[in-house]
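Starting from the known structure of chain A, fit chain B onto it as the hints suggest.
As you go down the protein sequences, you meet chains A and B in turn. Take the first sequence: its position 89, counting from 1, is numbered 89 in the UniProt record's numbering, and each next residue is one higher. Take the second sequence: its position 615, counting from 1, is numbered 615 in the UniProt record's numbering, and each next residue is one higher.
Each statement offered as a hint is correct.
To list a few chain A residues with every Cβ distance to chain B over 12 Å, as calculated:
#1 Pro5
#2 Leu99
#3 Arg138
Calculated pairs, SDA-like style, for lysine to any residue (alpha carbon to alpha carbon, straight line, at most 20 Å):
#4 B:Lys63 x A:Asn38
#5 B:Lys63 x A:Gln34
#6 A:Lys67 x A:Glu110
#7 A:Lys129 x A:Pro5
#8 B:Lys119 x A:Glu102
#9 B:Lys144 x A:Asp35
#10 B:Lys119 x A:Asn72
#11 B:Lys63 x A:Phe41
#12 B:Lys119 x A:Thr98
#13 B:Lys119 x A:Asp75
#14 B:Lys119 x A:Ala76
#15 A:Lys129 x A:Glu43
#16 B:Lys144 x A:Glu31
#17 B:Lys144 x A:Leu33
#18 B:Lys119 x A:His79
#19 A:Lys73 x B:Asp42
#20 A:Lys92 x A:Glu43
#21 A:Lys92 x A:Gln117
#22 A:Lys73 x B:Asp94
#23 A:Lys73 x B:Gly118
#24 B:Lys239 x B:Arg256
#25 B:Lys144 x A:Gln34
#26 B:Lys119 x A:Arg105
#27 A:Lys73 x B:Asp92
#28 B:Lys144 x B:Leu58
#29 A:Lys15 x A:Glu131
#30 A:Lys129 x A:Asn40
#31 A:Lys120 x A:Glu61
#32 A:Lys15 x A:Tyr133
#33 B:Lys144 x A:Glu32
Derived from the structure by calculation, the hints contain no laboratory data. Yeah, the Cβ is synthetic: ideal placement off N, Cα and C, and Gly gets one too.
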Amino acid sequence: MERNPMRRQLQTMRKSLFDQGYLDDQFVQLEELQDDANPNFVEEVVTLYYRDSGRIILNIEQALERKTFDFNKLDAYMHQFKGSSSSIGAKKVKAESTLFREYCRSRNGEGCMRTFQQLKKEYATLRRKLEAYFQLARQAGPVETACRPK
Amino acid sequence: MNSSSGKEYMSTASSSTGWKAADAAAAADQFPAGLRVLVVDDDPTCLMILEKMLRTCLYEVTKCNRAEIALLMLRENKNGFDIVISDVHMPDMDGFKLLEHIGLEMDLPVIMMSADDGKHVVMKGVTHGACDYLIKPVRIEALKNIWQHVVRKRKNEWKDFEQSGSVEEGDRLLKQADDADYSSSANEGNWKSSKRRKDDEDETDERDDTSTLKKPRVVWSVELHQQFVAAVNQLGIDKAVPKKILELMNVPGLTRENVASHLQKYRLYLRRLSGVSQHPSNLNSSFMSPQEAAFGPLSSLNGLDLQTLAATGQLPAQSLATLQAAGLGRSAGKPGIPMPSVDQRNIFSFENPKLRFGEGQQQHVNNNKQMNLLHGIPTTMEPKQLAGLHHTAQSMGNMNVQVASNGSQSSQNNPLLMQMAQPQARGQVINDSSLGHAPRLLSPMGQPILSNGIATNVSTKTGIQENIRAPSYNPVLQTSLMLNFPTNHASELPGNSFPLGTTPGIPSLTPKVAFPEDVNSDIKGSVGFMLSYDIFSDLNQHKPQNWELQNIGMTFDASQHSNNLQGNHNHSQPVLVQQGFSSGQVNGQNKSATVVSKAMFSAGDSTGHASAQNGNQHLNSLLVDGTVRVKSETVADATPTNLYPDHFGQEDLMSALLKQQDPIAPAEHEFDFDGYSLDNIPE
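Chain A on its own, in the form it takes in the complex (with noise of 0.2 Å):
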């Protein structure tokens, strides 16, 4: 157990994204490419998915408003995104995307939209859940966030 307290929180709060389905395996196979070489590798693949991930969020959003919905064009969006979203472990916006996708295909309008107003929800929240994560990861100071304790 860290004996740093700071350290101790920043584990607490890593333990509970996973607990709670914020964040799957795959945000360990990101955490254990981290090393001295890149010491804020998770971080700054975190950041890159969010600003390249909110253009798609912007795409689908106008794709929405219009009239009628280009569902294939919706499901190609969608697929980007849960690819990307699905690479850094984002586990509960992953399932919504999934979700968005199965409306898509079964030309269900009110769904997607539903699904895609739940999913924005998840995206943001995974986002603040984040962003305080690392703010609190910088503070503690170096340390390898998945396990070896320095």
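Leaving out everything else, chain B in the frame of chain A:
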């Protein structure tokens, strides 16, 4: 370790080309560390993660977010990478298309990736020749073992080599590998040289003829192929067993295995012609659909190629069929095998009987790969007639070879080509009338089958590339272009592919193209491209120019000559490609362009690009496709650029293609490329 080196190499520019022998040796010991990976994905998040993962595996990573750029990089630096990992869904180019290109042009193992794990998509990956398929999110464990694909491919190449009977060479190669003696190869990589394809080693040598090829593959020259086809026809496609074929052919140094693998390819090709969905293994006979019947045998082998061709270049499947049929000696009464839209792909694959296929499985895979690739290609081509033409041309080219051998083509000469030209007719399956013999492979499938052909040929050329590498296509292209060649080429054709070159039947085509031999020198550089270019531009106009097949031939030859063209000029390659197309297109279809584009591509990376750009857009697309393919063929080992030259069979194909063109539109121009003297190809 390569861990740090990876960063240096990460530049967008070519990957590390500067492996020194010492590095190579060192790297060899550390294999798989140092494996040069090119990862392509439009998603920056995934790209970043993959890059880090691969670096962690101690691979040398180059990342790229655009497929076009990736292709450029690969072309520029043919031996700069060992393996490619690509996403399926990309905005600028479909991942499968990229896969095909790579397969055809460079014959590198490609791993596909996607968040999509649907069976359909995974299957597509398999059929297009991907050596593996990863589901996103990718875990590092999955990447740790990707080196196996590289080794496997090399191993198969070697196996081919051995099968071809060049045991000494094989031993030598293996020994080299064992000794990690990199000095012999120009490869940049360390272990690459030893493990990599023998091509690498040959690269410096310009991969010249089979005799010097380290690769033990047998290069199926146009002549050889013609002999093969003649033997097959004599025996009857059903009774054609490798042993008997070997006896009939009576070629010293040829082994039963060589023939067997070639037969397999041929069957696939024929199958393709007949429109059967690729099934590389059992194309033959089952495919014989009425039209294809003629092609039947052809298709089986070429099926793969043709299909690829067909698929890609829209080569009128029929043309292929016709070609095949022609090749088969049977007057394909209905050459017009209305190849199902896309079987084109396979049709041409046949062209490259290259032994490479010998690898058997790989071949098929390759073929498939190619075929699929071709598919991709044709798309670019757009249903332009050209494409169709190309295909036809390609198929014709290939077919011509075959046909030529059979002689049936002759009558067709143009019909085949014409058929090819038929791209428009897409549906029309090569009017039998004209083609009669020539497998219309390319029937207006709309897609320039040629591309397929080329692709197929290409692959063959590359020798190992097996399948479809386009080499087969070359013939097609060439044939169209070279129609004239048939005579010339017959002997020389890039050796690999088909004996198309010599289709005696093809009359008019006398492509100025100096056929490979000459061409090599000329085409090598610009000429190669030029053709394509001209062709395309003309194509659009429908000028049946004879394309100065020269260029075309050259390209093909180039490929064939491995050393000549390929080594230096990738250009040649492209030329060939184009030519093939041009003829096909004569109708002015864009096909030519596509073809050309292909050719261009093959030419080598540089040229290809240039030309492609010059040419029609389509061309580019085609060329790209084509080049990819073409290269593979001719160059057996070396640069895939040679794609065309190798095909030798191209001549025949050309004629076939030309023939095909007829139906399509005033196809007669076999190569209408007249205007194009390769030399002048206006860039």
